[in-house]
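Protein chains in written order, with my numbering: chain F, 1 to 502; chain Y, 1 to 502; chain V, 1 to 502.
Among the hints, a few may not be true.
Any copy will do: because identical chains look the same in the list, a pair fits if it lies in one copy or spans two.
[Claimed, not checked] Pairs of lysine to any residue residues, derived as SDA-like cross-links and limited to a Cα-Cα distance of at most 25 Å, are as follows:
#1 LYS104 - MET383
#2 LYS381 - GLN133
#3 LYS169 - GLU426
#4 LYS405 - SER392
#5 LYS282 - HIS236
What the hints contain is simulated information worked out from the structure, not anything from laboratory work.
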Amino acid sequence: MRMIVFAFVAVVCLIVVFEAAGQPGPKGKPVSEATAECLDCHEIVSPGIVADWRRSRHAKTTPSEALKKPKLERRMSSEKIPDGLSGVVVGCAECHKLNPGKHKDTFEHSEHKVHVVVTPADCAACHKVEVEQYSKNIMAHAYGNLKNNPVFQSLEKSINGLQSYESGKLTEGTADSLTSEDSCYVCHGTRILVKGLKEVETDFGEMQFPVLGGWPNQGTGRINPDGSMGACTSCHPRHEFSIEVARKPYTCSQCHKGPDVPAYKVYEVSKHGNIYKSMDGKWDFDAVPWKVGRDFTAPTCATCHISLVASDGEVVAQRTHRMNDRLGWRLFGVVYAHPHPKSPDTTKIKNKAGLPLPTELTGEPVQEFVIDAEEKAKRDKTMRKVCTACHSAAWIEGHFDRLEKSVETTNKMTLAATKVLLEAWEKGAAKGLAQGDSIFNEVIEKKWVEQWLFYANSTRFASAMAGADLGVFAGGRWHLSRNLREMTDWLEFKAKSNKEGK
Amino acid sequence: MRMIVFAFVAVVCLIVVFEAAGQPGPKGKPVSEATAECLDCHEIVSPGIVADWRRSRHAKTTPSEALKKPKLERRMSSEKIPDGLSGVVVGCAECHKLNPGKHKDTFEHSEHKVHVVVTPADCAACHKVEVEQYSKNIMAHAYGNLKNNPVFQSLEKSINGLQSYESGKLTEGTADSLTSEDSCYVCHGTRILVKGLKEVETDFGEMQFPVLGGWPNQGTGRINPDGSMGACTSCHPRHEFSIEVARKPYTCSQCHKGPDVPAYKVYEVSKHGNIYKSMDGKWDFDAVPWKVGRDFTAPTCATCHISLVASDGEVVAQRTHRMNDRLGWRLFGVVYAHPHPKSPDTTKIKNKAGLPLPTELTGEPVQEFVIDAEEKAKRDKTMRKVCTACHSAAWIEGHFDRLEKSVETTNKMTLAATKVLLEAWEKGAAKGLAQGDSIFNEVIEKKWVEQWLFYANSTRFASAMAGADLGVFAGGRWHLSRNLREMTDWLEFKAKSNKEGK
Amino acid sequence: MRMIVFAFVAVVCLIVVFEAAGQPGPKGKPVSEATAECLDCHEIVSPGIVADWRRSRHAKTTPSEALKKPKLERRMSSEKIPDGLSGVVVGCAECHKLNPGKHKDTFEHSEHKVHVVVTPADCAACHKVEVEQYSKNIMAHAYGNLKNNPVFQSLEKSINGLQSYESGKLTEGTADSLTSEDSCYVCHGTRILVKGLKEVETDFGEMQFPVLGGWPNQGTGRINPDGSMGACTSCHPRHEFSIEVARKPYTCSQCHKGPDVPAYKVYEVSKHGNIYKSMDGKWDFDAVPWKVGRDFTAPTCATCHISLVASDGEVVAQRTHRMNDRLGWRLFGVVYAHPHPKSPDTTKIKNKAGLPLPTELTGEPVQEFVIDAEEKAKRDKTMRKVCTACHSAAWIEGHFDRLEKSVETTNKMTLAATKVLLEAWEKGAAKGLAQGDSIFNEVIEKKWVEQWLFYANSTRFASAMAGADLGVFAGGRWHLSRNLREMTDWLEFKAKSNKEGK
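Take these sequences, add in the hints, and give me the full structure.
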């Protein structure tokens, strides 16, 4: 019976594939034989992604055609394309069969060696420069920067560890791997492990597929089965891989919206965000280069941080996939804002206290590991160049003066909180480093974390993008000051309680 | 003077109604005489809803035409239409004059017997199957499931009851009915009571209208004047009744966005939500069946839970208006996640402690009242079928393994909180069931509620839709663990305070 | 070298300006000589805003043409236009060179006297009525109402003041001006100070520009260099000045989304918000007058509060830029909801306790300073007229009955919180007015602020727009009742702690 289904499906496939009326597809464009074979069945078994791909630029252009475009309009950065790829559209086989020897997830599938996880190393065949830039990106190292940093591991355990309450005592357990994959590493990226092969019943009979640990995942620092880091699909979702999606702020909001990194929330209530949301229907999100005033009239996240922006005949900003190329300050995820680390791998950093943190506990940056004033100025300047397309020098200066001040004041408000915490440890109201205890498991410690991870971050983002209330009542300065008071009250109550307890 | 206005208006009406240029309307389609009379005046007195209706499919099709469509493309599920309805477009009279004998809100209006509240029982004339399915929906029972459950009534009172502070004591009063209608029952639905008739001055002279209690309301479990339950307008807003609106996630977000049920918030930051928000301008939200890959390239709420989804020639998922047909777990609104209740009327449930809750206070489901493993597996399978249009079996399995784990761990984190609460009651730090006191009125009790109603829910939704930060810092595991610590600290402070107070 | 660049740029300019293909622009419309000169260079140095302007109505119409439209369709309210302005399109020079004598920020720029900050007084040349209305708007006075009210200044200091922790004590410093500009005054508006001139290096050689304090800013109550109040660009962003943007709710959300004023959040989850977000792509946001049912089928913020709304041939609501013309109650930003103040300048108000607040500390409005019942009824009626385009009298009455009740109950819940606070002051658990201390710096005081500024506000907005969960679990009644309990617990713990401390 299964064989009859298979035969029927196969016949239908042959008829359907290139006839599909009304369906966007590679009209007249050369499709590789291997890809045609993939489409034969996947048009039936996974119609959604095939239709998505048919709509994509990949399905409508061959790399050799793409290379003929003027340099500024080109979406491909490789100058030379591997043999066999350049004359056909970029279909299933062109990506899923690339570099088979390097992929631990390569398996035999209908007489093809294919791999499940397409990686930046695969995309580099055509998008070399972007992949190289991205590899120097702090985001590409998001897995290791979290997993291999003992301080952050302790924070992670305090969040994900299963807790139980018995005989008046709260006990913090360890986190299981499914929970980890389902929380921090959704954004940071998982390590994809190939655990073997598994027999699966399909419409085409029994087939073997790899068993992958940490899968699915599209986090920015994913460790891939070929050893590469990152997932282009974090921002360019399969299988349309649309530049439009990546340029819209919803892409960034997947990971940059929560209280720990409310960038998108700030953008939403900024003037830029307002204009974007009101007028985006009239903009061109596909044009390369992206022309200010013509294609869009207010920036999205991509405009300021990534895209190749131009005005008539002049480049306003070069495209970059090292996302901090235009950023001097590192504003979030850390105890104190500080100049960006020199290396995207932040696990190498050590401060005077021996902790893998880019600042001391009192806020001073560890100079050896962060960019110097000259590099910081260069990055600030690159960013400000983008602003000039619409704003005067005075406007830009006035705006960024506030960000500088905000970095200073939020760091000071974090310092005040740190001092309360240090006193709590000293007085024995809480147990910290000196007592060999976690610095993240008690209420005052959690309030300290919220001081920098939530409120200081939010305030700084609000300054960076003029997002008003995110810097005041929506998780900003109101909360910075309220939280400080709550910390001192907690310390008072706990110290009294402990004294009486004795 | 009023009569002159009336005469003038009437004349204008006659001229205007079918001449209105540029206005979408029933060009050439037969309109019933009764509806034409309604339009005569309402075009003037309520132009917004008339214009809305003119744009609707109801205004442009007769049921008999609609019945001629191939079954899969049909938007009407009734096979036979009541006499008098099938040959005219679905206008004012066709709905507001249906089943007059059953409607307590029927009144004489310009020589017609009309009723104010059009109900699912009215809509069933043409949409029989959907109304039947919806009636078996837990949402259709949302009024009674809240109003007739003493535990939830106590929670409601603790929220809506007016409090006063006199001589050092906080007193919790009862909630007035306007406040109830304005809070819980906006979503759950009110009971619409017909209180009599009232003389009203209008442009057409004195007229009588029914006085309705609990009105306006469009909650999902509204108790209607004809005894039926629910409001189709919860999701299909008047008077365009557009399938497009119902398929967009903003409809669901009306009630499913707050911290108690942050489904939409999770969707927004999921990959699916990103693609939807970036690309929706290019999708077809009106097509029936809804073809994956062609009409849309990422699911909305409706895709996974309700819509008839198809790929070329094949049904991926049958349409259902019993919203938990594709859901095994009930994730929210309850102390512990558990398999869905068998009956949509949850007031019949009793656990071992005699409480109307589908789980024990320690988390075990009350087997007798919840679906069995086989039914749960069947529903899970139906949901996963939708995923297969774009995702491999391994992807889907990996995804749902995390949800299963998340159900387990969040239930355990709720159990830990429950144990702290039980100890607080035992130690006399708070008063609970044994003391005949509300279990929702003290700080530790409210924190316990937030543990399951806010943070466990949010974490589970984040797992169900890969919504990252909603499972961590945006109301997720960070808050689950922080809240537990705050509960134990509160217990410590309160116990000490009570001891000293004695 | 710089001169060569300049010469080259100038030549290119001359060629480019009126030839720019594909660029929206003033085809055939008369551009003033002065504006043409501006465009010569700014097309190059600030291409974004020039392109934005080319797309604007300002670039495509002359005031004299605009005056020829039927009155109801007119976007200009001035009947007579100053000489020299009426025959040319509204370009750079027409606004930036207006009223030079009144502008302290006027400076010599390429042989023109131009000013940086275009103000409502400038816009009044063509939009006289709107500017007059806006000047009577509480929003126009947002700077002074905050800056010159000692109570709010104390609140501001408690939020923005830098805090330090030394020897077990938290000290609250004063706020620096950059922080103020970057927080409260982003929305309230800054005072723009002209501090002198500054030499700046540009592509055209050294040039002088004014140095402005409090710049940039687009807050609603900005104090401008010509003494006028407000910024039309708060809602009509430069340089397209699109009515479409102002009519979309994202504009209002810039300042009305945070927990202190969650109007947009409520709108988002309301039925109106759902329909807007689902259907806005099919609406006409540019039509004047704005025709209900034709141009839109659900209201945005502007529809109910500002816009000229019409149905065929009849005005439903007159346009107003005094935003509380249709509002009886003032719902937010104050301790108790109360009828709107008579004067937009609220600094003149004094209650019995001598505080500049429109209510007593126990909630009674200070009758002398708030509108009377008749005026309130008139405003309520104007608002309800808008509703009638789609809703019946009974529907509207039922809806607003709930708002009235919600005003009453939230005021009572605030009163209960005030009583707890008064007792805390009385018992010495906190220091308040009688002790000459800030009423905003201690935890219980901050909780009191959140009672009215966050939770009571949110609940009232939810009632006003049927925004469900914002009135319950998303910052509504749940939080009102929880917060009260936390206040009494805090008072208990603190009082005990103080007692023992002695």
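These are the hints, each one checked on the structure:
no.	hint	in the structure
1	LYS104 - MET383	neither (40 Å within a copy, 31 Å between copies)
2	LYS381 - GLN133	within (19 Å within a copy, 42 Å between copies)
3	LYS169 - GLU426	both (23 Å within a copy, 15 Å between copies)
4	LYS405 - SER392	within (20 Å within a copy, 50 Å between copies)
5	LYS282 - HIS236	both (22 Å within a copy, 17 Å between copies)
Hint 1 from the list above is the single one not met by this structure.
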